[in-house]
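J.: The opening position of the sequence shown corresponds to residue 1 in this note's numbering, with each subsequent residue numbered one higher.
Everything labelled a hint here was simulated from the structure, so no lab data went into it. Glycine residues also receive a C-beta, built at the ideal position from the N, C-alpha and C atoms. Hints may be right or wrong, so weigh each one.
[As the list claims (entries may be wrong)] Between beta-carbon pairs, the in silico distance windows are:
1) 24 x 104: 27 to 35 Å
2) 24 x 267: 40 to 48 Å
3) 285 x 13: 51 to 59 Å
4) 5 x 161: 21 to 29 Å
5) 111 x 161: 46 to 54 Å
6) 153 x 19: 26 to 34 Å
7) 296 x 258: 51 to 59 Å
8) 289 x 111: 52 to 60 Å
9) 285 x 260: 30 to 38 Å
10) 250 x 35: 33 to 41 Å
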Amino acid sequence: MELSAAVEDLYGGALDDFIATRKELAAQARSAGNRVLATQITALRKPSLAAWAINVVARGAADALGEFAQLAAELRDAQARLDGAEMRRLSRSREPMLDRLEAHVVDVAADEGVVLTPAVIGQVRASFVAAIADARAQEAVLSGNLTRALSYAGLGEVDLTQATAAPVPTGRADSRPADSRPAASGSLAASDTGSSDAESLESTAPSDAAERDEAQRARAARRRVVQRAQDRLADAERELTAASLKHAQAEQEARRTAARLREIERLLERAGAEADAARATEATAAVALDDAHSACDEAREELDALTAADPTT
C-alpha cells in the first residue's frame, strides 16, 4: 500500500468513518513493516465538514467542476492581461456559477445524510471564490483531498498551509497553450500596435535627425499614456476583486442572518403554542378549583344542617 492509496481511501469515504479507517490503514502499514507509511497515514488530517463536502463533489461532479475550472482560468487570464472588457463579461457568469456550485454541494451532502449549516455553506462558497482568485487554490479545491476550507483576502495568494492531504500540483490550472488563450485586447493591444508602429517608423524614418527625435518622443509619450491606462485598469481590477469578495461575504452574512431569523421565528411560534397550552391548562384548573370550592361549600352546608337537626350527633 502507498500513501496515495491511503489518501484515496480516507478522503473518498464517509466523514464519520475517517478516524476508524485511518487507524485501520495505519495498522495495516505497521503490520507490513512500513512504519514510515504508518506515521504518514496517522498524520493525515480529518477534513472539516466544508472540505469534506467539497471533496465529495470534486470526486463525483466532473462536468460541473470542469465548467467552473474553465471560467476560473479565463477570469485569471483576463485579469493577468488587464482586459477589463473580458473581465466584466466573465464576471457576469461568476456569481451564477458560484450559486450553482453551492447548491450542488448542499444537495450532494444531503444525499450523504449530512445537512450543511449556513456557516458551513459560507465556507464552501468562500473556497470556490479562493479557487477563482488563485490557480493553486483551484488545484486544492479540485484535488478531492481538501482538509479545510479556503479563503481569499482580496490580494496576494491564497494560504494553502495544511489545506490538502497531498501537495498541491503546480501549473495545471493555467496550463492552456499560449495559442489557445484569447488574444490581448484593449490597452494591451494598443501597446502591441505601438510596438509595430515603432518598427515601421524606424524602418521608414527620414534621415533628418529632428524628425527622428520627434517620432521617438511621440512613441515615448504614447507608451506613457498606455502605461497609465494599464495602471488604472490594474487598480480597477484589484478593486473589482476586493468588491467581489466583500459581496460574497455579505451574501454569506445575509444567509446566516436569515437562518437565525427563521430559527427565532420557529422558537417564537413554539413558545406561543406552549403559552396557549399553558393558558388552556390554567383555565381548566380554575374551573376545577371552582367546582372543588362549590363541592366543599355544599358539603359544609349539609353538615351544618344535619348538626342543627340532631345536636347529639
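J.: Against the structure, test the hints numbered earlier, and report the numbers of the ones violated in rising order.
T.: When the structure is compared with the hints, numbers 5 and 10 turn out to be violated.
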